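*Asks:* Residue numbers (this note's numbering), protein chains in the order written: chain C, 74 to 578; chain H, 9 to 518.
What the hints contain is simulated information worked out from the structure, not anything from laboratory work.
Remember, predicted model here, so these are calculated numbers, not experimental data.
Virtual Cβ for every residue (Gly too), placed ideally from N, Cα, C.
Every clue listed holds true.
List time: in silico DMTMM-like cross-link candidates among lysine to aspartate or glutamate, alpha-carbon distance up to 25 angstroms: (1) C/K190 - C/E240; (2) C/K190 - H/D459; (3) H/K110 - H/D319; (4) H/K89 - C/E145; (5) C/K243 - H/E461; (6) C/K243 - H/D379; (7) C/K299 - C/D570; (8) C/K105 - H/D459; (9) C/K193 - H/D459; (10) H/K464 - C/E101; (11) C/K138 - H/D490; (12) C/K138 - H/D494; (13) H/K464 - C/D100; (14) C/K102 - H/D459; (15) C/K189 - H/E461; (16) C/K190 - H/E461; (17) C/K189 - C/E443; (18) C/K189 - H/D459; (19) C/K193 - H/E461; (20) H/K464 - C/D191; (21) C/K243 - H/D459; (22) H/K174 - H/D319; (23) C/K243 - H/D319.
Derived Cβ-Cβ restraints for the label pairs, each shown as a range: (24) C/L319 - H/D319: 31 to 41 angstroms; (25) C/R388 - H/G381: 36 to 46 angstroms; (26) C/D570 - H/Y431: 28 to 38 angstroms; (27) H/G469 - C/R541: 50 to 60 angstroms; (28) H/A476 - C/F139: 25 to 35 angstroms; (29) C/G301 - H/D289: 21 to 31 angstroms; (30) C/H293 - H/G180: 44 to 54 angstroms; (31) C/P498 - H/Y431: 31 to 41 angstroms.
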Amino acid sequence: MNTWLLSILILSPLLGVLVLLFTPSQDEKSIKWIGILGTLFPLGTALVTLSAFNKSGEGLQLAEKFQWVSYEVFQSNGDVSYPIFYEVGVNGLSMVLILLTTVVSVLAAIASFSIKKDWKSYFILFFLLEMGMIGVFAAQNLFLFFIFFEITLIPMFFLIGRWGYLEKEKAAYSFLIYNGVGSAILLIAFVAMFMKTGTMNFEQLAYTFSLPQSELNDMHITKNFKMGMLIALLLAFAVKLPVAPLHSWMVRVHVQAPPPIVMLHSGILLKIGAYGLIVFGAGLFPDQFESLAFIIGLFGVINLLYGAFLALTQRDMKRVLAYSSVSHMGIVLIGLAALNEAGMTGAVFQVVSHGLISALLFFLVGVLYERAGSSLLKDFGGVAKRMPIFAGVLLAGGLASLGLPGMSGFISEFMAFLGLFETMPVLAAVGTLGLILTAVYVLRAVLAITFGTEKELTNAHDLSSTERIPAFILLAAILFIGLYPAWLSDMLRPTLDSILLGLGG
Amino acid sequence: MDLDTLLSFRWSVMLPEFIILGVATLLSVIDLFMKKESSRKPLAWLAGAGILAALISIFTQLDIEVTSILYDTYRLDSFSKAFKILLLLGTLLVIVLSSNYKKEDLEENRGEFYYLLLAALLGAMMMASSADLITLFVGLELLSLSSYVMAGLERRNKRSNESAFKYIVSGGIATAITLFGMSYIFGLTGETNLFKIAENMGNLELLEHSFLIVFAFIITFAGLTFKIAAAPLHMWAPDVYEGAPVPVTAFLSVVSKTAGFVILLRVIIICFIAAPGIDSDPILLQVQPYVMVLAAATMIIGNVTALRQRDIKRMFAYSSIAQAGYILVPFVSNSSLIFELIWFYLLAYLFMNIGAFTVIQLLSSQEGSNDIGVFRGLFRRSPWLAVPMTFFILSLAGIPITAGFIGKFGIFMGALGLEQPQYWLAAVMMATTLISYVYYFNIIAIMFFRDSEGTKVSIPGGMAAVLAFCAASVLILGVMPDLALDFFYGNFDVNEFFMQIETEVHTHDH
Chain C
74 MNTWLLSILI
84 LSPLLGVLVL
94 LFTPSQDEKS
104 IKWIGILGTL
114 FPLGTALVTL
124 SAFNKSGEGL
134 QLAEKFQWVS
144 YEVFQSNGDV
154 SYPIFYEVGV
164 NGLSMVLILL
174 TTVVSVLAAI
184 ASFSIKKDWK
194 SYFILFFLLE
204 MGMIGVFAAQ
214 NLFLFFIFFE
224 ITLIPMFFLI
234 GRWGYLEKEK
244 AAYSFLIYNG
254 VGSAILLIAF
264 VAMFMKTGTM
274 NFEQLAYTFS
284 LPQSELNDMH
294 ITKNFKMGML
304 IALLLAFAVK
314 LPVAPLHSWM
324 VRVHVQAPPP
334 IVMLHSGILL
344 KIGAYGLIVF
354 GAGLFPDQFE
364 SLAFIIGLFG
374 VINLLYGAFL
384 ALTQRDMKRV
394 LAYSSVSHMG
404 IVLIGLAALN
414 EAGMTGAVFQ
424 VVSHGLISAL
434 LFFLVGVLYE
444 RAGSSLLKDF
454 GGVAKRMPIF
464 AGVLLAGGLA
474 SLGLPGMSGF
484 ISEFMAFLGL
494 FETMPVLAAV
504 GTLGLILTAV
514 YVLRAVLAIT
524 FGTEKELTNA
534 HDLSSTERIP
544 AFILLAAILF
554 IGLYPAWLSD
564 MLRPTLDSIL
574 LGLGG
Chain H
9 MDLDTLLSFR
19 WSVMLPEFII
29 LGVATLLSVI
39 DLFMKKESSR
49 KPLAWLAGAG
59 ILAALISIFT
69 QLDIEVTSIL
79 YDTYRLDSFS
89 KAFKILLLLG
99 TLLVIVLSSN
109 YKKEDLEENR
119 GEFYYLLLAA
129 LLGAMMMASS
139 ADLITLFVGL
149 ELLSLSSYVM
159 AGLERRNKRS
169 NESAFKYIVS
179 GGIATAITLF
189 GMSYIFGLTG
199 ETNLFKIAEN
209 MGNLELLEHS
219 FLIVFAFIIT
229 FAGLTFKIAA
239 APLHMWAPDV
249 YEGAPVPVTA
259 FLSVVSKTAG
269 FVILLRVIII
279 CFIAAPGIDS
289 DPILLQVQPY
299 VMVLAAATMI
309 IGNVTALRQR
319 DIKRMFAYSS
329 IAQAGYILVP
339 FVSNSSLIFE
349 LIWFYLLAYL
359 FMNIGAFTVI
369 QLLSSQEGSN
379 DIGVFRGLFR
389 RSPWLAVPMT
399 FFILSLAGIP
409 ITAGFIGKFG
419 IFMGALGLEQ
429 PQYWLAAVMM
439 ATTLISYVYY
449 FNIIAIMFFR
459 DSEGTKVSIP
469 GGMAAVLAFC
479 AASVLILGVM
489 PDLALDFFYG
499 NFDVNEFFMQ
509 IETEVHTHDH
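The following block holds chain H by itself, in its conformation from the complex:
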């Protein structure tokens, strides 16, 4: 590739990524030259401003048509735009959370935290915008490696260390499994570009080896479930969530999970859309039972295990496993509904989960404990904390007039809207939702029905803003979901997702 070719690309489409990269670099340089003892808190403003700028730049890109540069390793399509908004919004809220996170352990690494967070975000954005196995994998690793370090940022905290160690070991295994699956895909098609893979998957020669395609699907899918914390690779979540600092937990449970769904959609849907399964039936139909079993298992494991947790962060870890199970359900819908359902649920999930973690962070730092008892009598002590928390929990439980209900309703539509409705999957989802009532409402009961002598919880301005924003969003999206859905339909075209761009690069290839 010569300079001309390089210059011929439309680099402006990468603006959001460049902003994040630039700010991350700037932050690391500033951190290096700052006095050791001076506070790193102001850096949060810079990081936040950078994310905000990137978010705005995405909104200015909304009208740009599908663009692909660097031989499809970077794509700007409506899919990537829609999901990058979620990633950026989630990280922005996490930044506010972290700027109020008071722990001496974190203080000395605060500077690192911010640029690692941005690096992780950059990785996630790459995952949203790439259509090549190599770059997708690089993005995935950038996100993973940064997350490993972030989980262990509290260096003197044993739990945090344990968390980072477990995360890196299980993450390594998951990566190996993913790569193993991808190697099959590459081996079968000889390509790393997703669209070319899709093309080659339809080759008649492959028909004889269709069982290999099924095998590739199963392995790749299983490997990618790690990031979304779904069965079979969900075991890391409780330990890591428990030990990591709260903002990191919030990041892992929301942004990292969103990125996981993004890569899952990209790789699975594009690669296998035209692929034949055994006896040349479409593979996506053939593997439906497999996906359904995974989704059902995830929902059951997450919700049932959450029942027994006393540690609030562990409980939310299992809760987030369960939520991943719900979001997997649209994968069986086999229609374009899959995008809007997953996108909307992740949007709702972002608000309700980050909101809940905001409350958890405030309470656990005040009480110095993660036990569920920190919620005791919260309504009496701090109604302004208890009421938003109630909204978040109701939304997580899928009760109407919250965003979570609309999300779940949509998922039901996806599951029951097929020519062959998946009644039993819907029934599993509903039954596990009922189980989730027990532990979700237990928190509510502790907040409202028990009295305690505890003191009022002070809410710093930034946290109050996050709480208000998340609670308002949960309610508004619950009453007027069209605000988000219309935005999605207005800017999202499912065809763009499958549109292969012939870049005019070959004219420069001498």
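Isolated chain C (complex conformation):
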């Protein structure tokens, strides 16, 4: 059983697809319930995987590997084969992210009660998206990673373009083209690495690239090649993360896509960018990554400040949150650029923490939009009076977002900056300005909605029981990580240690 566990986990969302295919498309209620149950199954499988996962164990666990595709090249000096394997496995980092994926998926499925049409195709795409996201984190070679990476792209395109708001098609195209550019660069880099080294496995690649230069010369791998590959990878994942100035698509998606999908996108899909930076950037080319650390840190600070400034001036709550995501992803870069344990831990914590916080906040905005048909700040005021629970959760989410101690956001920001102060104090000092700005824009937006003069809301009932589930669970998770970060850091330590070892730290 254990040997197939990960494959079952990756394919588990397909069970929902299968059931849905035999459900009549007009039966709204059953479809929505199948949607929720269909995401519970992957969550259950993920929990089983977690229990089978040895937290203190080093390296890859639950690995599976078999031959998949083979290209043979007949050459004068004999046949050379380029085998591609199906390789999956988890380490602490990917286990945490898979868990995050399955949890947020369940909550997004619950939030999908607000979807108004074509439920059947919606949930089929939803499940495919979930499969892609789990697969991305479980993949252990470039080929598989790329395939799952692209699998997330197509359902997203449909989900944005069909179920989104007014300018949904434009947002869908914007998403497709920007991410297409990212994956195009990624594919070229992957194939180039494959052809030079003859392997696509992460560990083997990391080993090959760590060989002394004299041996690498025989394989035609020069220093410039490594640097070129790293820059290509950074560029590809910078689109995904996104790093300013490549962020416009992401804002568009966050404004136009349906709320449950934004939960998934902001909560999980953006994290693929961070995951890629950690695994491919720092993991494969540590030396080159070190030499680029200052630039990465600089971009991190730019992201942080730029996102925060723009969030401060937005009039639409969705845009505030979208720019806040840009800003928060800057902290991931800052943590990575620090090249030490504190920074790395901060970056990974930020990935998880922001996944939870942004999912919560976007869920709440979705609720608000459903009530009022708007998410403009000027249309709201004094919501706390008639929707006290909603206002409370929103305030808590906002506080988590600005990094209040006791919440998950605090740990990650603190660690990331702690790391950066150690290596690049000036940059870190400038960056801390961003934290102040964050507090300002979060409070400005949240307080505008919850307090102040009461505006008329046609449909101002408080969170319903189905809406409370995602809100409370997410809030609980945020508090849990904030109060008991050791659970997470224990999971992550072996993975981070091995990356830091590569970085020579």
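Take the given structure of chain C and dock chain H to it, following the hints.
*Replies:* Relative to chain C, chain H alone:
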């Protein structure tokens, strides 16, 4: 050549060709004696059965070693077998397509259509199996002439007439260019047999005239790009594709293109493999920039122009130009990868393109229009048409878990796997692929995101079978490409391609 010699040949290796020839002859005779008003539709069964029989006979030949008869004008090697499977499979699907093609114009010429199609197929098969410039050219012309007529089969349709006329004129020019190039090859070597040409190309005397070899290469290559609809001779494709009946368009874009790549591989690779270029460097390395520029230009022209098309057949014409550009990329790989990459991509291309044309035919005949608007709200109206079409488009765009992705991935391996990786060519290919997302996904957007009051599209049984078969193949090859690749490696030996057979004919030459 006396009777003994003639009888000494192993004619059985030509079995697939004989079957096609026999069925084509039979069809023309039946067509002649059938009553004028009776329907020719049942003839499709006969034609289909003939192709199926030929296909099966190729599979029985898989174990036969390289055989050459008629002084190497006909060769049975793994190369010809592998590509003939593609040609036959493609034509078989086209037959099913045509049997459901409802247009009164075509009705009176339906009988002709079937035997012309088989004649064209025979020409293509000759191209796959010949190693002599003369017979290769005869095969090429047989394919071309039959195609010209097929394009104009709808006699009362102006577009169809225009299509045939343009095709024949530009085809004539291309033929002239090809022949011009071949005349140089012949002039330099004094031979028409490809292997003898290769031998003579290595002659030291030719070193002084190496620029002539380069010239011969460039002209011949340019002439042969006509059939694959690649730059510089791609201009005919949009007009011809637009006007010709849909099954003919499908045939031209898949089978005829495959045949074009076959002859390109045969002539170019064998003739010039040992030839010196200027300063006696191998010519194939020296002309690489030329091939790369052609490939890049084809990809750019095809994809960029496709952006502006509203007519779905024109759009697919440009799309197929772009695809030809992708398939040209392996020509720069200079390794045996070239065969497997081209073969696999053409296989994937066969399924995705014929599948797409099946949907186009169903829609355009129902709506009476070729405008891209016929796809409007298709997902709501006929999900069973919209979903397979989505697979085909995703595959054409090279998205994973489709055959098209594996094909493109392979092509990337070819382009980046050299000692000097061609990064910029890979980058052009990737950038144009991105451009192609715009028009491919536009079709998807129209199918899924727009609503329409249109009616459900009825899918006849034969078409449903083609759709299901193509969609399943696209997905299966996308998930398990080894099914096809293993078959290819198991039955294909690159050495056979270059193996010159000394036929024992001389013993009979008295």
